[in-house]
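S.K.: Since the structure of chain A is already known, use the hints to place chain B on it.
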Amino acid sequence: MAESRDVLVTATRHVVNEQSLRPGTPGRNRLRTQESRFAWLMISPSLLVLLLVGTVPLAALVIMSFTRIDLASTRPNAFIGADNFIRMARDDRFWHALWVMLVYTVSSVTLQLVIGLALALALLRPVRGQGALRVAILLPMILAPVVVGLAWRTLILTPDYGIIDFAVQALGFGSQPWLTDARWALISVITIHTWQWTPFAFLVFTATLHALPQEPFEAAMIDGAGAWQRFRDLTLPLLWPTIIVIVIMRTMIALRAFDAIFSATGGGPGTATEILNLYAYRVSFTSLTLGYGAAVATMLLIVTAVISVMLFRLQARD
Amino acid sequence: MDRLNRRRLLKGTAALGSLAALPKSAFAAPALIKQTGDDPALAPYQDAQIDWRQAEGESIALLVTPAHYFEKFRAVTEDIFTELTGIEVQFEVIPPKELREKAVLDLAAGSGNYASHTGDPMYLPLYQSNEWVDPLDEYLNDPTLTDPAWFAVDDIIPNWIEADSVDGTLYGMPVEGEATIHIYRSDIYAELGLQPPQTLEELAQSAAAIHTDDRAGMALRGFQGAGQNMYIFPSLFLEFGGQWFDADGNPTLNSAAGVDALQYYVDLLQYAPAGVENWNWPEIMEAFAGGGLTQYVDANSTASVIENPASSTVAGKVGYQRWPAGPSGRRVTSIWNWTMSINSALPDEQKKATWLYIQWLASRPTQLLSASYKETPEAVVRTGVNRSSIWNDPAYQELVGFTEDYVDVVLTSLQEDTDPNWRPRVPQWPEIGEVSAIAVQSALTNQKTPQQALDDANSEIVRIMGG
Chain A
60 MAESRDVLVT
70 ATRHVVNEQS
80 LRPGTPGRNR
90 LRTQESRFAW
100 LMISPSLLVL
110 LLVGTVPLAA
120 LVIMSFTRID
130 LASTRPNAFI
140 GADNFIRMAR
150 DDRFWHALWV
160 MLVYTVSSVT
170 LQLVIGLALA
180 LALLRPVRGQ
190 GALRVAILLP
200 MILAPVVVGL
210 AWRTLILTPD
220 YGIIDFAVQA
230 LGFGSQPWLT
240 DARWALISVI
250 TIHTWQWTPF
260 AFLVFTATLH
270 ALPQEPFEAA
280 MIDGAGAWQR
290 FRDLTLPLLW
300 PTIIVIVIMR
310 TMIALRAFDA
320 IFSATGGGPG
330 TATEILNLYA
340 YRVSFTSLTL
350 GYGAAVATML
360 LIVTAVISVM
370 LFRLQARD
Chain B
9 MDRLNRRRLL
19 KGTAALGSLA
29 ALPKSAFAAP
39 ALIKQTGDDP
49 ALAPYQDAQI
59 DWRQAEGESI
69 ALLVTPAHYF
79 EKFRAVTEDI
89 FTELTGIEVQ
99 FEVIPPKELR
109 EKAVLDLAAG
119 SGNYASHTGD
129 PMYLPLYQSN
139 EWVDPLDEYL
149 NDPTLTDPAW
159 FAVDDIIPNW
169 IEADSVDGTL
179 YGMPVEGEAT
189 IHIYRSDIYA
199 ELGLQPPQTL
209 EELAQSAAAI
219 HTDDRAGMAL
229 RGFQGAGQNM
239 YIFPSLFLEF
249 GGQWFDADGN
259 PTLNSAAGVD
269 ALQYYVDLLQ
279 YAPAGVENWN
289 WPEIMEAFAG
299 GGLTQYVDAN
309 STASVIENPA
319 SSTVAGKVGY
329 QRWPAGPSGR
339 RVTSIWNWTM
349 SINSALPDEQ
359 KKATWLYIQW
369 LASRPTQLLS
379 ASYKETPEAV
389 VRTGVNRSSI
399 WNDPAYQELV
409 GFTEDYVDVV
419 LTSLQEDTDP
429 NWRPRVPQWP
439 EIGEVSAIAV
449 QSALTNQKTP
459 QQALDDANSE
469 IVRIMGG
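Residue numbers (my numbering), protein chains in the order written: chain A, 60 to 377; chain B, 9 to 475.
Here chain A stands alone, though its shape is the one from the complex (with noise of 0.2 Å):
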């Protein structure tokens, strides 16, 4: 959705700068009016359906945000200004929420750019089995959220059935509160995001490595540099607009992730799973309480906005 409204922004106005850029007599004005004319009018039905799909909901979402609106009480709805925003300024479960979103976050888009990037580097060079190994890394990116969050609880994590509580168990660790204890299940659902989504990171740094110009390692190899200080000065320096892309978009799909941490934990123990999307959720449709919902999502929008925004201005300056 975001995507491709950046791109219908960044086609309109490559359509504008060509115009200006030719001189300007009357014919070509008319002309030039015409054809602008009717790039609006191809792009008017995308337009029409974003508006109605993407703009509309929101706005709606915006000015519910200030309403009461509590299906599971006896109040009438109403109008009442800035109040949702003042009881979520208290409420202790929203900063939780929030700060459990910017831990969530933080960490597993980190560790997915480094074990992505290690993963690729690893299988940069042709060895044995190249092709299926790559095939196996990518395979849990093309499972859908919510079954990888199953399949994490039941087969991977239940104490004594799964295969990490029995392998941590051969191990002589014992038996652990993967999805019960609240520090170890915020791990876990960390794990699993990044256990899912990795796989990005080491499409796209695989793609980027094979893209390298090859002189500069070929000079630094003649000039004796060793293999961190290659990576160091050589490959971090030129994969560095790759990783911002890497996290701007895993750091995007992060902060609204849902699916798997709702079918691993619920949101649980108690609230120690709880990103601002699922609260916003629970408040919504579990609770029945949807402007205070709305109020919790509008806040998730303007958080993702400026993180997003503050990603890109990076971006722009590198």
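Calculated from the structure, these hints are not laboratory results.
All clues stand as given, with none of them false.
Not the full set, but computed from the structure, chain A residues with beta-carbon under 8 Å of chain B: (1) Pro236; (2) Ala241; (3) Gly327; (4) Ala331.
Backbone N, C-alpha and C fix where the C-beta goes; we use that ideal spot for every residue, glycine too.
M.R.: This is chain B only, laid out in the frame that chain A set:
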């Protein structure tokens, strides 16, 4: 449905021959309306003095949860109900939590997409306060829609009828239900020379005595949710003498009784299998069926699985008894039943069709037929029929007689160990249930002490109630 199934169905009915006898009232007056031919499967319904085909051609959509009893209902619906009434019924099967959300949104929007759903009685005060569903009295008292003698609403478990009423008016019809009972390995109890516990204190002692590394001493639902850990906690809370609200209407979840009850819950689960804080009834039932768990307190319906040798290693080694009594001296079982209401946003003809369906489903013949119906060869029996007359029928008692006293335990629980205020019956329940469920799980996972957890929840409930 093909012929084979039909035959099997009729055979099932015949096997329960003595049960097919209807209340005398049904025979008192000869059936007046018989326009659907001589299909023997339809005969019990044609004794009702109403026009079953008055909403012919209508089609209604229902939301139901994936459960064996609803599978049975679905299986007999098309073959019997549609043939009897000419009404098409479409089922949408989704899990209970999602079902609640979907149903509430449909009702709140007034869109009338779903004529009815298999609901939670706790939601009826909410439905009623918003007039989302019709009071059922107007249907029950309309002689063109209901034959009171044939339907015999008084035969339905009285506690369920009360739980499904708001201020004395019935808003949902119980179609299936259960009692929460104590289920234990009688062989292990005998081996260790233990007596089945009669109090919560004795229950904790037995759990401690039985518990070993490969044989957990006890389990209760720990998974967070208004219908999960808040299915167990209310019974403990009331057994410890708790009250949901004081005389002035202030919530008292964090009273001494509440804190003691939650502390007991936390302490008892130290004898539970690892991970029980995330378990709902299926996990508990499977652990018990696999032999790794010695006892639990949960729905009596789990018996039909743990007593099935095909799915259980402990069949025949199980004892049943009522909830052990708490410090208040009370035994408190759940008042759980699946209830069906009529969406008030429906057009009149559809409302009629929905009522005919609810009446048909809750009626004695359908309850009886579906109890033993085999929708698949492995299908288990229904242990949640809604009628006292069926529970008291020797043929049904034989069908579900897993032990000598199983039926007695369930019936006594249903009659004596429950009360409609098992959980607070207020429209705000969805939100209250959610914060209470979080509090209970926070304590079970040692994130908060029972006192802290319930203090937090109680102040949330004050806010929810508009304080």
